[in-house]
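Q: Chain Y is fixed; fit chain S onto it per the hints.
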Amino acid sequence: MESYLPVIWAAIIGCAVAMYVILDGFDLGIGILFPFAESEHERDQMMNSVAPFWDGNETWLVLGGAGLMVAFPLAYSIILPAFYLPIIIMLLALVFRGVAFEFRWLGVSSKPHWTFAFAAGSTLAAFCQGLVLGGLIEGIKVENGAFAGGAFDWATPFAAVCGLGLVSGYALLGATWLILKTEGKIADRARPTAKALLVVVLAFMAIVSLWTPLAFDRIAARWFSLPNILFLWWVPLATALVAFVAWRAVERGREALPFLATIALFLLGYLGLLISNFPYIVPPSLTIWQAAAAPATHVFMLMGTLVMLPIIFGYTIFVYWIFSGKLREGEGYH
Amino acid sequence: MICGWIVTETGRQPWVAYGVFRTADAVSPVAAGSMMTTLVLFVLVYGVVGSIGLYYINRLIARGPRAAVIEPAITRAPTLAPQAGALAGIKPSSTPMSE
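Same order as they appear, the protein sequences are chains Y and S.
In case it helps, numbering that gives the first Met the number 0 puts the first sequence at residues 0 to 333.
In case it helps, numbering that gives the first Met the number 0 puts the second sequence at residues 0 to 98.
Next up, chain Y with everything else stripped away, as it sits in the complex:
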């Protein structure tokens, strides 16, 4: 019991984070793409395409974070102080992004300001998430079960590159979402955008994938030692293949496949991250078993989660089904 409960909880939190990255990825991506839209009318359509979904999408972050606190409190108490500034700045950026959804419709002279708030909030939140990702890969200084580093340990070039990579990745998700959900001029313009972003995202994935084993011996050992390499060689190949599928899907006028292929690209990157770091939840020193809460806590929370998670999945699928189909001109909440 003691040894597999943390694995179950790590899987739940891992899935919650993956769901968050994919779902909030596309609505943050819409915000990142805002500056590149041609008119406020086009921006209205972009915003309306995610309006029914963005609130629910963002709640997966809460599930991931709260799940981390509940199931791995030692990891939570180390990771959050380590990334205190990026996390708080991300939250404040999300505040502006969130209110921009509503405030943008309420005034004429203030609309450009809320457009800016939406775009800047989305981009900054995505960048901060990338900083945290990069910082996690680099590892956190831990002494006696507590965070022992400085306030700016996360501020490294590697983390900045991860931040930019995530911003472009979310933009790609947003562009492929527009291909799926909108029609007419926006959808047509989203296709060359998606192709350009595919190249950018692949470049960032390649840079990070090469930088990581070069800079961190533990990750190089994980990937390139025998027999691991025999099980892992297909991951970069699959990534290239999925990117190619996405490219062709965009070129050939496919509607849903670009978005699905981008999701697959994200999941492959996520898989690479897991391969590099499992079972360390606080790289490089703390495993999921070391950071776990008492088994009684895990069991208690699991009972609640096993009831709630199907309900959450159920209403999520329901809302995507109700609002399925293309966004037509003039449709929206307001």
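Derived by calculation from the structure, the hints in this document are not laboratory data.
Be a bit skeptical, because a hint or two may be false.
Incomplete in silico selection of chain S near chain Y, CB under 10 Å [as the list claims (entries may be wrong)]: (1) Pro28; (2) Thr36; (3) Thr37.
Note that the Cβ used here is the ideal one computed from N, Cα and C, for glycine as well.
A: Chain S alone, transformed into the frame defined by chain Y:
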């Protein structure tokens, strides 16, 4: 509601877990400068966004409710009407029901 929170959080001091754990002992290893910066940022952001929100709400209240607008029927919806009618035992009419 905010008054309730203020009462709870100040009333429990100096304990964070009453009788068991003091707030001073529960502090995370975050630099004081970071804490101060984010506290100031929080107050600023909430102050700005909250004030603007209040302003918009007051402006909407001042304008009053708009007259109800009857939206034209959405093309997909009428397919439900004959099925719903069949369930209720009513024969579907030749004209679609208005929304």
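Q: Does each hint fit the structure? Answer for all of them.
A: Quick rundown of the hints versus the structure:
1. Pro28: Check passed: Cβ of Pro28(S) comes within 5 Å of chain Y, closer than 10 Å.
2. Thr36: Interface hint status for Thr36(S): holds (8 Å vs cutoff 10 Å).
3. Thr37: holds (4 Å)
When the structure is compared with the earlier hints, no violation turns up for any of them.
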